Structures are given as C-alpha cells and as structure tokens.
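*Asks:* Keeping the supplied structure of chain A fixed, place chain B upon it in accordance with the hints.
Single-letter residue listing:
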Amino acid sequence: MSALQDRTAFVAGGTSGIGLAVASAFAAAGARVMIGGRRADGPDIARDAGCAFACLDVADEASVVAALDEAEAQLGPIDVLVLNAGVAQPPTSLQGLEADVARTVVDTNLLGAFWGLKHGPARMADGGSIIVTSSISAIMGTPFEGLYGAAKAGASALVRSAAIDLGARGIRVNAVQPGPTWTPMNPMPERLLEIIAPAGRKGRVEDLVGVYEFLASDASRYVTGQAITVDGGVTIGISQALMGVLAAEAAA
Amino acid sequence: MTTIVTGAGSGIGRATAELLLDGGEAVVGVDLDPERLTWLDAHERAAAVTGDVGSEETNADMVSEALWHFGSLDALVLNAGISHIGPLEHTGPELIDRILRVNLRSVALGLRAALPALLRAGNPAVVTVASISGLQGEPAMGLYAASKGGVVNLTRSAAVELGPRGIRVNCVCPGPTLTGMAAPVLAARPEIGERLRRNVPLKRLAQPIEVARVIRFLISPAASFVHGAVVPVDGGITANVGQYPPPDPGGS
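Here the protein sequences come in this chain order: A and B.
Heads up, this note's numbering is the position in the first sequence plus 1012, with the first residue counted as 1.
Heads up, this note's numbering is the position in the second sequence plus 95, with the first residue counted as 1.
Don't read these hints as lab results, they were simulated from the structure.
Among the clues, some could well be false.
Said to hold, decoys possible - Facing chain A, a subset of chain B residues (Cβ under 8 angstroms, in silico): (1) W134; (2) P259; (3) R263; (4) P285; (5) A301; (6) V309; (7) G337; (8) Q338; (9) P344.
This one's a predicted model, so the numbers in the text were calculated from it and none came from an experiment.
The beta-carbon is built from N, C-alpha and C at its ideal position, and this holds for glycine as well.
For reference, chain A alone in the conformation it holds in the complex (with noise of 0.2 angstroms):
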C-alpha cells in the first residue's frame, strides 16, 4: 500500500508547476486531494489531475479560511497540508520595485503561507504534516528578487516556530528550498541551469515531488521544522563547471 493511501491533502498554490504536479502525484498515490487556486480554468486542471478543488488566493485571509473549510467539509480532517502558492518578483533592483508590486510580493509569498499555518492547524488531524514551499532565495542574496527572498526566509522562519506550536498535537511543519528548476516559464538560460548546480544538470519539477512526498508520509515523521533544499548543492559551493567557465574567462 502506499504511504498516502487514503490520506487527505489540501495543496494551496496546485494548478501549476510544483504544486500541481505534488498534487497529481499524490493524488495517484492514492490520496484524496483538493486543490486551491485562482484560475478560472482550475477546475478542469483539478479535475483532470483527479482532484477536487476550490477558489482560492492566499493573500486574502477570508478567501483561505473559505477554502479550508470546503476542504475540510469535503475531505474530512487534512491530514496533508501544502502550502506552495507563490509569486514571481519582476527582475528589478530594490530601487525599481513599486509599492503595490511590493505588497504582492509580501501578501503571497510570506502572509498568504501565514494564513495557512494560523487557521490549517484548526482542521488538520493530529500527526499531520504541513509543508511550505520556500525557496534556496530565503538563504542566500540573488540579484533583482530581493523582497521575494526577503518573503521566502520569512517563510522558513515561519515553519521553524509553527513547528515548535505544533510539536505537541505531533503534527509537524517542514519547508521545502528549491533551487533554480528548469520549466518552459523559467526566465534563466538552460544552460545556465546546467552548469550552476554542483549535481552536473539542471533540476527538473519531477526531482522536487519525491521530496514532498517523503515530508507528507511516516518515512519523515521526526523531521520537523526543518527546510529541505532540493537545489543540487546550488547553496553549499561553486560547481565545477561553473569555475570551469569562470576560470577561462579570466584567462582569455
């Protein structure tokens, strides 16, 4: 049987990219998964996905409190909780970004995964797992998205104390740090992507669904609190061929 058999999950943040495809995976594993989301297409997208979904935009509190409770009326209890909706910042300097721009940036990324952990706990079951998509931004300085990191170390803060509240009702909290991940929407050359990473290739939706899957099932269950980056060392050192490049260069 699979480690998700039967389990619930709500994904927040599921009609693309990662979210979708951790929802899709967990769905054929055998949960039972609703996902949340803005787009007026969502449903067809949950629906072929095989699961159930419901409006949602984290950066409105009520919007998620609503989203919750259809979850939980539908599902039951949620055993798995994902919180992965997420903005983009627009490439610009510190200086360039706009007020309202900024707010975005702040109300989706860091309090739209605040809404989650304060009213998701509340219809969660004991022992569940909530997992947060921050980003290898929360811990290091990347040029033109610095509110977004800004945002996404919030988040992982987030998880670390939320863990700590949530110890006791054995339900725990983890985040997850992807690094640069090759989609036809990411703004970085391929081949960029290829030689950042000290794995040697560029890393790929599917590298980042087994880890949500681990951090949702019983393998996990005395991590907490913890933020697992999914970046092929991107965070840890300089890859060879990166020095490769740089060194000749230098030399040329």
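*Replies:* Chain B only, in chain A's frame:
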C-alpha cells in the same frame, strides 16, 4: 541495489540495513564487533565485514565484499560512530584521536575507498550520518560535536566535488535517538531522557527506524536533486532558538 552500511551492528545503522534488506536490496554491513553482525546471517542478500572503519583496510574490504558478492556498489551509508561525554579538560590526546578517527577519518576513508566502485554505478548516492551536535555547540560533548561538524562539512565538499561525476552526497543529523549509544545514559540517568523529551517539539525521542527511513529516502531516486543537503531528524530541536521550551500538549 547494493548498499554498504557502516556501524550496522546496532542502532541507526542496523535499522537502515534491516530496512534495505526488507525491501529486497543487498547490504554489506560493517562493524567493529563481529557478534553484533551475526543478525545478518539470517539474510541471503547480506554480507558482513568486521573491522575498524578508521583503517584503510576495513574500508577497502567493505568495497571488495560488495563487488564480490553482489557485483556492484550503488550506495554508501557512512554511519559508524562513537559518542563521548566529558568536559574538554578530561578529553586527552588519545581520546581526541580516537573520536576523530572513528567519526571523521572513517568518512573520508570510506568516500575514498568507495569512489571507483560508485563511479561505475547507475545512480550512486552517499549518506553520511552526523548529528545535530555537529550543527551547534554542546556542553561536555566538544570533541564529538567537532567530529560531527567535520562530517557535515566534509559532506558538502564531497557533494561539490563528486556531483559532476554523478554521485549524490547528503548528510542526516539525528537528534536524541533511542540507540545503544544512548541507552546506558538514559538507563542510568532517567532525568536526562525526560529533559531531552521536554526540549523536543514532538515531545519524544526518535526510534532508529525513523532516522533509517530518512536515509533510505536520501539514497533513493525520490531525492534525485537533493545534493549537499544537511537534514536534521530531530523532532524540531534545531527549529527552536532555545530561549523557551516548546509547549506541552494542551499548554500555551
């Protein structure tokens, strides 16, 4: 798949070896004490190597055994270690050498010895077993903590070096775990166990199998882009700054 597990005679090492054998995989178990490896006799796909992991000879032997019995070496779990409790002024040169030899030198020698065989494997992975004592300071465990801190950072350097050659390298950092290493202390001083339990947000100590499952995840394809990661398996201890103890069930 064939995995070498050092320190397979007890605790986390034995739990890991059992988990892999139960999954139908082949295991070479290594321990200093041959008596502790007799449990492997009941398993067809297991081989035992007795020796000191701080010696080149034992490390060469374990790799030869894997290749001789099972034809390949796919994963390496460098788990063997000793603990030592005592203030620095009572930790003399011989003890210092012994702790570093068993806990740190063994990891470097293990990586060196296994490298040629791992490079020929399809999807090779290494997991080192450090400790949360390797992440922060600890009273009366200075040399142990230093040796484990060395393991953490050796893992990162190995990840940067070996990633481009296709070998994933990660580290687990167990917190308080109910192993043979901890049993005598907990039996003699039950109040230590109670104090440890209070400091853990999940309000209990780990069973060795709970660490073993994380090790199995890290060597599995589910962790395909997890590389150079340091994963605490500590019930949330390191999520807490430590100024306040985590709440008790029903507490505020």
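*Asks:* Return the numbers of the hints above that this structure violates; sort them in rising order.
*Replies:* 1, 4, 7, 8
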